[in-house]
Amino acid sequence: EDQVTQSPEALRLQEGESSSLNCSYTVSGLRGLFWYRQDPGKGPEFLFTLYSAGEEKEKERLKATLTKKESFLHITAPKPEDSATYLCAVQEKGGSYIPTFGRGTSLIVHP
Amino acid sequence: KAGVTQTPRYLIKTRGQQVTLSCSPISGHRSVSWYQQTPGQGLQFLFEYFSETQRNKGNFPGRFSGRQFSNSRSEMNVSTLELGDSALYLCATRVATNEKLFFGSGTQLSVL
Chain X
-19 EDQVTQSPEA LRLQEGESSS LNCSYTVSGL RGLFWYRQDP GKGPEFLFTL
31 YSAGEEKEKE RLKATLTKKE SFLHITAPKP EDSATYLCAV QEKGGSYIPT
81 FGRGTSLIVH P
Chain Z
28 KAGVTQTPRY LIKTRGQQVT LSCSPISGHR SVSWYQQTPG QGLQFLFEYF
78 SETQRNKGNF PGRFSGRQFS NSRSEMNVST LELGDSALYL CATRVATNEK
128 LFFGSGTQLS VL
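From first to last, the protein sequence lines are chains X and Z.
Read in order, the letters of the first sequence correspond to residues -19 to 91 in the working numbering.
Read in order, the letters of the second sequence correspond to residues 28 to 139 in the working numbering.
Just so you know, these hints were derived from the structure itself, not from any lab.
Just to be clear, a hint being listed does not mean it is correct.
[Said to hold, decoys possible] As a list, the in silico SDA-like pairs of lysine to any residue whose alpha-carbon atoms are at most 20 Å apart: (1) X:Lys73 with Z:Lys84; (2) Z:Lys84 with Z:Phe72; (3) X:Lys22 with Z:Ser132; (4) X:Lys48 with Z:Leu115; (5) X:Lys22 with Z:Lys84.
Working from the sequences, and respecting the hints, build out all of it.
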């Protein structure tokens, strides 16, 4: 069973159409949850770290939230340049600092 | 500040050959991790080096190995290449006590 599951696998939006990406996790204790953005042909780029339930972080049109079982990445009024794959990763308490990644959500925003 | 540099960007090899990939971390980052990324499996952790010592290892066969030099640069080697080794190999670095990872652009390896 995957520790980190992201949904949907792919998402197509029209410019300005807000939506949310989901990351559910099954670790016994969460040290931290990370969101990364990956553009084609490039490595992932860090977006946010969340540490405890109820925490929220924002950056431009993106807002990440965290509960005890999942995290959401809300995209408000997306633009075509927001098109990318969004990856979620979790670090488990008591373990190494090595994060476990989900398989990502591929987002395409049409103009 | 220069980012994480990986070379080469593309490699084409045949089954049975071996390959060496290189990663130069951001200045001051002593931790270097390697990941394999494929469409089917996503990002899979290979190993992490810190101060020239392997600190963590993922679930990959012994054909995958690495090392880190005193200047923190790291190399990854894959011997006896198999078709299934075709993937994007990513290097990620971080400051020792900072959990955020900085990734390079990767080496796209194709095994024919």
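Tested hints:
1. X:Lys73 with Z:Lys84: holds (18 Å)
2. Z:Lys84 with Z:Phe72: holds (8 Å)
3. X:Lys22 with Z:Ser132: Measuring from Cα to Cα gives roughly 4 Å; hence the hint holds.
4. X:Lys48 with Z:Leu115: violated (32 Å)
5. X:Lys22 with Z:Lys84: Not satisfied, since the Cα-Cα distance of roughly 24 Å exceeds 20 Å.
Hint compliance for this structure: hints 4, 5 are not met, and every other hint is.
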